[in-house]
Amino acid sequence: EAGVVQSPRYKIIEKKQPVAFWCNPISGHNTLYWYLQNLGQGPELLIRYENEEAVDDSQLPKDRFSAERLKGVDSTLKIQPAELGDSAVYLCASSPFRGDYNEQFFGPGTRLTVL
Amino acid sequence: SQQGEEDPQALSIQEGENATMNCSYKTSINNLQWYRQNSGRGLVHLILIRSNEREKHSGRLRVTLDTSKKSSSLLITASRAADTASYFCACGTSGTYKYIFGTGTRLKVLA
Chain A
120 EAGVVQSPRY
130 KIIEKKQPVA
140 FWCNPISGHN
150 TLYWYLQNLG
160 QGPELLIRYE
170 NEEAVDDSQL
180 PKDRFSAERL
190 KGVDSTLKIQ
200 PAELGDSAVY
210 LCASSPFRGD
220 YNEQFFGPGT
230 RLTVL
Chain B
488 SQQGEEDPQA
498 LSIQEGENAT
508 MNCSYKTSIN
518 NLQWYRQNSG
528 RGLVHLILIR
538 SNEREKHSGR
548 LRVTLDTSKK
558 SSSLLITASR
568 AADTASYFCA
578 CGTSGTYKYI
588 FGTGTRLKVL
598 A
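If you read the protein sequences in the order shown, they are chains A and B.
Counting with my numbering, you get residues 120 to 234 for the letters of the first sequence.
Counting with my numbering, you get residues 488 to 598 for the letters of the second sequence.
No lab work stands behind these hints: they were computed from the structure.
Built from N, CA and C at the ideal position, the CB exists for glycine as well.
From chain A, some residues computed to sit far from chain B (all C-beta separations above 12 Å):
1. S185
2. D193
3. T195
Pairs of lysine to aspartate or glutamate, EDC-like flavour, derived with a Cα cap of 20 Å:
4. K585/B x D175/A
5. K557/B x E542/B
6. K513/B x E163/A
7. K585/B x E172/A
8. K181/A x E202/A
9. K585/B x E169/A
10. K585/B x E222/A
11. K585/B x D176/A
12. K585/B x E163/A
Interface residues of chain A toward chain B, partial, derived using beta-carbon atoms under 7 Å:
13. P162
14. L164
15. R167
16. D175
17. Y220
18. E222
19. F225
20. G226
Assemble the whole structure, with the sequences as input and the hints as a guide.
This is the structure we're talking about:
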């Protein structure tokens with residue numbers, strides 16, 4: 120079974136440029152998460168989807184961040200414009216069902232460097 | 488904000504020794520999970536313990552949960568060099584379906 124796929128693995132951009140990350144969850148997983156992980160810290164939730172619906176986006180900085188999950192499968196996270204403080208690893212995770220006891224399967228992440 | 492705080496922040500032990508790391512949290516949870524992250528890679532789920540459980544085992548892993556103290560511990564027995572990684576607890580709150588991760592413990596196992 121293929122795991123969670125993310126691309127690109129690395130991205131270097133200059134500040135004020137736009138950037139997009141893509142995630143393909145494990146087949147059949149209805150729940151999809153985007154996390155941000157700063158160096159030496161744990162992941163912090165940005166947005167959670169149940170199928171195509173964003174059910175928790177309270178931590179997403181909506182002035183510059185946007186996300187979509189068309190057709191409830193793969194998802195894109197966008198930053199426009201990027202700032203120096205956005206440099207971090209962006210992790211995507213998926214879970215097979217909606218419930219209180221969800222094991223999350225993580226992708227390898229996209230390491231973003233903003234110069 | 489981070490719900491869980493791991494202790495210690497970093498731990499260095501010899502191969503074959505046991506490693507214990509702790510997680511303290513602030514609000515009530517209905518389950519707690521532990522994840523491992525190797526350098527530069529994604530997180531891997533290790534074990535889940537529910538709020539009505541006190542102890543759980545999986546191979547060389549032993550997790551305990553004390554809801555009265557709002558704390559959990561992860562014990563890795565007979566550690567190996569391959570156990571070198573960061574370990575995170577993730578706290579799940581009933582009905583929210585989301586997890587808040589702790590700050591992590593960086594474990595280094597010396598061969």
